[in-house]
Each structure stands twice: as C-alpha cells, then as structure tokens.
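Asks: Protein chains in written order, with the working numbering: chain B, 2 to 220; chain F, 3 to 343; chain C, 165 to 823.
Subject to a maximum C-alpha distance of 30 Å in a straight line, what follows is the list of computed BS3-like cross-link-like pairs (lysine-lysine):
1. B/K184 to C/K379
2. F/K93 to C/K537
3. B/K35 to C/K379
4. C/K196 to C/K680
5. C/K537 to F/K83
6. C/K196 to B/K35
7. F/K299 to F/K315
Quick list of the computed label-pair ranges, beta carbon to beta carbon:
8. F/T227 to C/S228: 38 to 44 Å
9. F/F118 to B/L42: 38 to 44 Å
10. B/K184 to C/L298: 44 to 50 Å
11. F/F118 to C/K680: 56 to 62 Å
12. C/L298 to F/H89: 52 to 58 Å
13. B/L57 to F/K307: 52 to 58 Å
14. B/P77 to C/L804: 35 to 41 Å
15. B/V216 to F/E228: 50 to 56 Å
16. C/R736 to F/I96: 30 to 36 Å
17. B/K184 to C/A706: 23 to 29 Å
18. C/A791 to B/L57: 35 to 41 Å
19. B/D183 to C/V756: 24 to 30 Å
20. C/N229 to F/F62: 36 to 42 Å
Chain C stretches covered by chain B per the calculated footprint, using a threshold of three residues with CB under 8 Å from any CB of chain B:
21. 357-371
22. 378-389
23. 407-413
Read the hints as simulated data drawn from the structure, not as lab findings. Even for Gly, the Cβ is constructed at its ideal location relative to N, Cα and C.
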Amino acid sequence: MTTAAETSAEGHGDHSLEDAHHAEHESTGVENRKLAMWAFLSSEFLFFGALITNYLLYSSKEFAQGPTPAEIYDIPFTSVSSFVLLMSSLTMVLAHNAVSRRDQGATRTWLLATAMLGSVFLAGQVFEFTEFITLEGMTLRTNPAASAFYVLTGFHGTHVAIGVIMLLALFGLSKRLGGLSDKQFLNLELVGLYWHFVDIIWIVIFTVVYLLTAVPGAG
Amino acid sequence: MSRGRLFRLLQLAALGLTLGACSVIGIPDSPLNALDPKGPFSERIDNLFWPVFWLATGVFVLVEGAVLVATILFRDRPGRKEPRQIHGNNKLEILWTVIPAAILASIAVPTFQAVFELSECGEGAYPVEIIGHQWWFEYRYPEEGIETANVLVIPSGREVCASMTSEDVLHNYWVPALNGKRYLVPGQTTLLRLQAYEPGVYWGQCAEFCGLSHSLMRAQVRAVTEAEFSEWVAAQQAPAVTPAEGSPAGAGLEVFLNRGCTQCHNIDSINEIEQAAFNGPDLTHFMDRGVIAGAYKEYSVDNLKTWLANPPKEKPGSYMPNLGLTQQEIDDLAAFLETLT
Amino acid sequence: MTAVADRPTTIFRRPTAETGFWSWVTSVDHKKIGIMYGYTAFIFFIVGGLEALLLRIHLASAESNFLSAADYNGLFTTHAVTMIFLVVMPMSAAFMNYLLPLMIGARDVAFPRLNALSYWIFLFGGIFLYSGLLFSGITAPTGVAGIPGNLDPSDVRSFGALPDGGWFMYQPNAGADFSPSTALDFAVIGLQILGIASLISSVNFIVTFFNLRAKGMRLLRVPVFIWMTLVVAFLLLFSLPIIAIALFMVMFDRQFGTLFFDATAGGDPILWQHLFWLFGHPEVYILILPAMGIVSEILPVFSRKPLFGYAAIVFAGAAIAFLGFGVWAHHMFSSGITTVAQAGFGLTTMTIAIPTGVKIFNWLGTMWLGRIKLTTPMLFAIGFIAMFTIGGLSGVTHSVVPSDWQQTDTYYIVAHFHYVLFGGSILGIFGGLYYWFPKLTGRMMNDRIGKVHFWLWFIGFNMTFAPMHWLGLQGMIRRTWRYDPSLEFWNQIVSVGAFVIAIGLLVFIYNFWTSKRRGEIAGMDPWDARTLEWAIPNPTPAHNFSVVPTVHTLDDFWHQKYEEDAEGRSVRKQEADDHVAHLGEIGIHPPVPVHLPNPSYFPVVMAAGLPLIGYGIIFHISALGKALIVLGVLISLIALIGWGAEPLEESHSPSAGAQ
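So here's chain B without its partners, still in its complex pose (with noise of 0.2 Å):
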C-alpha cells in the first residue's frame, strides 16, 4: 500500500518525508539534500583543483614584467588570517553542536562567531589585495602569474562571502523563528558542510599557492 505522504519526491526540506521514501526505495541512506551537497563538492573540489594547478605552471615561470605573488606574499599576516578562517571552522562545528542539543541561544551565537570570523578572513583579502596593488604595484594584467593568484584567490572569496551570507541567513531565520527546527538543522548541517569545505580548500591554498612558493625573504 501506499501513502499520500510517500509519493511526493519533493526533496526541498522535506525530510519529514523522507523516511516514508526510504522504507519504500532502495537508497543510501543519506538525505537527497546531502548527498546533492556531497556531490556538488566534488565537483567545487575539481573548480578549485584546475585554478590551482594554473596557478602552479605560472609560478614557476619568470615573466618580463613583475613583481610576481611569490615575490610579494606578506606569509605572517596571512598566517593569521588563515587561523582566523581555521578557527571560524571550529565555531562551524560549535554551532553544529548547539543545534543537536536544541540550543537555539548558543546556536545563534556560534554561527554568527562564524560568519564574524569569515568577515574578517574577507577584510584581510580586501587589505592583501588593496596592498598588492597600490604599494607592490601588481595588478590582474601585470602577468600571468598575477592573473591566476587574483583570479584563484578571488574565486575562494567569492565562495567565503557566498557563505557568510548563508550563514546570517540561518542567523535571521532563527531569530525571527525564534529556533530552527528539525528541518532547518539540515539545512545547517548542508551550510556547515560547504563551510568546512572552503576552510579546507583554504589550507590547500595557503600551503602549496602561498608558502610553497613563497621566495624566501621575500614579503
């Protein structure tokens, strides 16, 4: 026999739903929404993985014109602002933490902790890239190598803004729900997950486009 509630294959925060498909189809066990996000991060993982690898074959390369990134990196103060992304990642989980144990306050707290951390990761791009142009002088046309570190840093920005605002979403939507709900946990967990990504994209980034290639002494 069927049920009303079982035919729908709406799988927009629909979990409510979902057990009723999963008793009735074979399946993974893992929420559509999930493994939609799962799938669409390996796809991220492959963007990321061609701009880097570009990013590679030019900084090796000397150009007529410079300074290159490798010349120019400041590794201390983006040291810290690596740690500040790293530590946005451990509030992720905080708020993860909180919204398993219903902790609607400490939730609203810890994401916001996190999209405040994630503020100020963005602020210190804005202030890497406002340096590297108007003091070092290196633009997107000033060579490739140049173009492929604005290019590949700008595009991991793009993605920590885009999360930021998903964050503050959830932060909103709690406020004005006063909570999120069962339903919405998921959709904190899908926003943790793709957060956590881009952390992790971020120390790819750091260690093999920044330190790796770092010239010594240089910055």
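Since chain B is already given, all that's left is putting chains F and C on it; use the hints.
Replies: Just chains F and C now, with coordinates in the frame of chain B:
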C-alpha cells in the same frame, strides 16, 4: 527480403563500388596527398599506417558481417520459435576482451618505436627556422643569414631540422609528402624533421585553424640538389640591385619607399627596417619564390597586380591593407618587384 | 531543549495552472521538462543542420564565394557548438529526464525544481549564445604589434557576426587580440551558462539514482540506459569544472585584461588545450554513452532476448568513462608535447577501444540467435552498431601517434567523429525517439515512413561522411574555406549527401507530426517490452506509478509476463494479458490519491537572471552593462529567496491525483 532482392541489391552495391573506384582513379591526387610519401619520415609513417588500416579493415568486415548475418539469419519469420533466453557467456566476454587487447598491443609496440624515432632531430641535420605569421610562413637559415618566405628550399637527401615558433597564434606546419604535422606555438619552440629523397616541389599547408585566412596559408618545400642549393644560398645572400631612375622599376621603387610598404617589408640594400615592430615577408629575392600571398597564388604579373590592388579582398583579414594605389602605381610597383630576383 | 514547530515561512503561493502555457513554464514534472528539452533541442538541431547545409553548399566548389571567410568560420563554429551543447547533450537530457524516474520506479527526480531550473538555464543559455548575432559585427584581428588586419568592405555587412574561433577556441586565436568581435564573448559566456545547467542536472540525477530506486531495484537490476545516465552525470560532474575554469580564464582575458593565454606576456596557449581537452574528451563520452544506453534498451526488446552480458556492458560503460579522463592529449599529438606523453596517451587511447569493443560484441551477442523484429527503432539500433563501429575503428588509427600526425586536423578526423556522433549518438537518439514515442504520446509512429527516414539517413549519412575519410587522406584540412580543385568531385558527393540527410529529416518531421495527431493508438505495452516504464499506461500519467513497484529481477516487467520452459525459451504466462490490462487499469485510476510536487515560478525566474549577468559582463564598460549585472544578480537572488521561502505543499488539487 527475398533472396532475389538481396542479390539485386548486392549487384547494385558492387556496381556503385566499382563506379566509385573508377572515379577515384580518374581524379588526380591532391598536392597534399598524405598517402604518397617522398621522404624517409613520411615513409616511416606510411609503413605504420597501412598494417593498422588493414587490421582495422579486417575487424570492420568481421563486425559488419556479423551485423548483417545476424539481421538476416535471425530475423523474425512466421513460425519461428521464441529464442532461448541467454544472459551472457563469461568465456566469450574474456575472449573478446583479450583478443582486441592483443591486437592493440601488437599495434602499440611499433607505434612507440616510431614515435621515439621520429621525434628527435638527427645529428648533423641542416638547421632552419620556421616562424608562423597570420597567414604566411617565414623561413630563416641561421647558418647562412638568409631570411625568406613561403618557399622553403632544402637540399634533397639531407635531413633538415626545423625549429619552429609563431609570432601570433598557433599554426601547424604540414608537408604531407615529407612528414606529419607539428604546431608552431608562440613563445615556444617545436622541432620538425624534414627530408626529401628526390629534388622536387612538395606542397604544404597550415593545418591548425589560425583565423580568417587559415585556408589560404600554404607552404611549399622545394628540394634541390646539393649543388643547386649552394647556388641558391649564394644568390640569396646577395643584396638586391637598385633599379635605374626613370625606368618603370625606378618609379616602382619610389612607390615602395613612399606608400608605406617599408613599414613591414624589408629589401636588403634598399631599406633596412627594425624587425621588432612588425614583420612582413622579406622581399629581397621576391621573384625566386614563384608564389605570392602566403603561397596561395602562383606568381604571375596579373596575380601580383590583383594582389597589390586590394590584398584584403584576396586574403580576408590580411595585415597588408588596401593602400589605395593607382593603376599606374601598381604597374610600377610590379615592375620593381620583378627586378628582385 | 526547545522544540520549534515548522511554520510557514512565506508569503508566496505556488502556481496551480495544469494546462496551457503557464503549466509548462512553471512545471516541475520531469516528463514535461523532458519534453521541453526534446523540442528545444530539436529546434536547435534544425538550426545546426541548416548551418551544415550552408557550409556544404559553400564547399561544393573549391573556390566558392557563397560564404565569406568570416561567415564560414562562424558557421563551422556555431554548427559544432550547437550540435554538441544544444542538440546532443539536451536530447540525451530529454531522455534522461523523461525516463530516469520511470525506469527506476520513481514519481519524479530527487529535486524537481532544480530540474526545471536546469532546463530554463539551458534554454536561456542557448538563446543567449545566439543573441550575439544581434549585437556583434564582423571584425579583423587587431594583432599583437598595433598593426591590425583588414577586411574588404564587401565582407563587412550590417548583419551580425557569429563566434569565429572554433568550438575549441584555441588560444590565442580566440583571444582578444585575434578575435576581437564580441560574438566570441557570447559563446564563451553562453557555454558557461549551459555548463551550470548541466552541472545542476548531474547532481540531481546522481541523487535520484542513488536514493529513489524502487524497492528491490538493486544496482545490478538497473536498466543500462539508467546506468549510462549515472555515468554521464559523473562525467559531467568532474569534467565541467575544468572547462568552466578554462572559459572563466578566457572570459577574464577577453574582458578584464588578464594574461592567462597571452603568449607575449608569458602565457601558455598549450595550457588552454590541456584544460579544454581534459573536459573535451570526457565530453565525447557524455555525447555517446546515452545513445549506447538507448541502443542497449532497444536491442533486447526487438531481439526478444535479454541483453547479452548485461554486467559487462555496464562495467564497460563505466570503464570507458574512467579511461576517458586519461586520453585527452591525443587531441594534441602534433602540439609539441613530450615524446613520452605522446606514447603514453597513444597507449591509453588504444586501451579505451577494449571496453568499446566489449559493448559492440555484446550487442551482437544480444541479436545472435534472437527473433529479430525489424521495426524502425531496431533499424536505428542496428544502424548505430554498424556506423559506430566504423567511427571506433578510425579512432584506433588515430591512437597510432605518427599516423595521427598526418591525419589530425584533416577531414579524416571530421569523418571519424561524425561516424561517432551522427552514426552513433544521433542514430541512437532517433531510435530512442521512435521507441519511446508511444510512451510520450500514446500513439505509434508510422513504421513505414520511419523506415523511409532510416534508409534516407543511412544512405545520406554514408554519402556525406564516408568520402571525408578519403578527402582527409588526400590532405583536405579541416575548417578550410578553400581547398584544392582536385578534391572537388568528392566534396560534391558529400554536399549532395548532406541534402539527402536533410530530406530524411523532413520525412521524420512529417511522420512525427502526423503520428502525433493521427497515429495508431498504442495501448499498453506496444513493443512487448522488458522495463518498468512500459508497466504503466501510454502516455505516461502525470503521477507515473499509481503503486510504486517492487522489483524482483532485471527486466522485471518481462518476467511478469514471461516464464521459461525447459529449453530456456520464453513462454508467455497465461495470465500475462490480464496482468497487463490490470496494470493499465490501476495506472489510470490509482487506488489511493497521489499528490505531486507543486509547480513553481522560481526556477524560470532564477534562470532569467543569468543571461542578464552575461550581457552585463560583455558590456561591462558601459553603465548599462554594470546595471545589467546588478539587475541579473538581484533577479536571481530574489528568486532564490522566494525558492527557499516557497511553501512545500499547496492544498492538493484533485486532478493531480486520481481523475
């Protein structure tokens, strides 16, 4: 399909094939025929191509035969029983995995040998440089200090090692009678081995899409005997002779000097331009080539005059603009260019 | 602990139209979306075909001036872009959309609204790509040294320009210096928009495959076409990012002055080729695998035997996809990549022939000893095997690297991939169209006219593409506006062949049109088929399955109708006819009401933002351009908020369920 109809169909197909074959024979080969090797490298490739071709043909006959046989033999007819429900056969699966693998392995080995043999220039090969431009090939002979265009003159029977690059976009140098293709990449150098068994003219073409006049970017390799080659080198090294004033050629020289030609074109002893700015074909021994406009047109006075009148019309996108020359100027310029032997 | 109840978070109501224009625009029904994909792709097929005819008219003589060089370059570029991204991919997507839920026993895909979003992005992306005609003019290269190329005034017309850099957009020729016309920007950005559509579909299909299979439909009971859908989804998921980034870099080069592929500043043009073909070769399998899946469905039905070596065919498909990521540089054998790389990529290219061969032999095994009914879909399937084999074999000759140095960039290659993509993909897709036409419409396609169509195509196709092998070996290069007069004879045969194909297409259109209106009523299970989509009435009811099926075996529907005798021959069960009739009955009248996902405005609105952003980027220097970017982002953002806030369920409309 009845047997009679099948027979008639086969007859028809055979007739079609015969007709096709006849007309192929009746048509002359294209100057870029890739199946007519005239040098050791192209011959090496040719010797690799044919066994693979016949092997592929064998598989083709086998598979297409099986398709036809299955379709005809197992076609539903009145009274035919339902077939047995066979789901597969592991032995067969292994068989038709292993046999193709073995065939491919037998192709792979000679392929590898040929790739490695053909890629590196031999020692003592005669060096030339090929530089791609939209839409013509420039040739330089570094040992002799010669710059020319459109026609690469080489000594026959000797290996020539071309190191190639491009000034603008990707080009692809292809003289099928002598070797396969190789890109000309801006900012990089690629190598191509060329050798002709016999003296002769071998046509080539830029094979990589390179913009508006890609199809008109042709090349010619002229292989000559060693003696002829030495003569040719000596002739190329000589400067051009300044024509007498008052003659049509002399008037043509004035046109050449005053109507913008010298912005791009160089003629030794007449004008020396900085090559850095922009590089058009060197015209010092223009008449030696026998072709104009990126080897697209045979040289004739008429062709030359048509070209001078409106290059972009002849060659879309041409960097040589329509200079708005009068008929008199064109005639004079042609007369001058004809003195550049 | 505070439990928070779900509250409606919205002010929006979901649309309710069930018929007419708005029912299509707001539909989230996978069947309607599939049909829209199909029609859209078919219109583009006609456009791409007309482009091909123009090219062939031009090439009927060696020194033709029928087309200007600029138009010729534009037409071969758009012909390729259209046929690849706007025809074969969306036609495959049409089948996947329509059939994926039906063949796995589901009511819809996992994310119906995302599915609609994919379609609208695809449609707007395609329109965006062609809209460049209205905004671009033909231009000569500006060159690198400040001295520009020139065009004769007769070549510059008031009518717009098509992108002229080739679908492969090799840099730097397709960069800002050598193709300054904005026409190319429309292609670069249009392809990125289309990529977003494909990426969303691929995620959607992957989740659907893994989570929505009917009970009992274990992995090795999934029909081959659905397997190929999954494989293609993964190919898209992993290859699209590469081309997206590459196009992104070109876009930045062209619009914002970055130097990724500018050789004079130290950029590497060969990098573009690596990125392009790292996507481009998997793309080939994205184009052919769905057709292979379709053929794997048709052959068993009309041979009245199970698919020979089902598991081998599935694994071969996966193996092809996997190996497909390791062969890209065989498009670059003459580009000067290292000798070792050439040898290596030659080897991987050879290995990919092995799983391909496995498929072909298994298809032959399916036909062998069968009881072959030569219906139109079966003819197309057999034609597929015959023609694809030729394309596969000429492909093997390319893996012989030195041979490829001679053949690459000639018509030999053009012949090769048309045997794969027309002889393969297009024949497969049209076979599928004949096969599933009753599923879509409830009527049969006229078989006799269908056969006329097949033979016209079979003959026309071989006339068009077989001589190209010879032309290529005779040295006729690709993308050539002029060729040697000695090649004229075969070029004329080719051009005539192209028109025979066009006539075949007209026959098909006539057949489709008349059969749709007056064709024989199909009834239940017209082909005596094997898979689940035929266990429900034709045309498919809105709710797909009245009762979600439980699957016990591969080809479950067949086994509901047939058992095997002692010899292993199929014997129709006595109760089979009654059983099928019963399925038809409950298919139309569900025992319990079924409700379906509600339609939504937001997919189409969100998709509408993207082309605006595209126009904005192209004209970003002007204030209007900047305003367009902001407007596009706003529209998409508002749609996103509306999407999130949309109520999940509207009160159930009675007609969505039992009628």
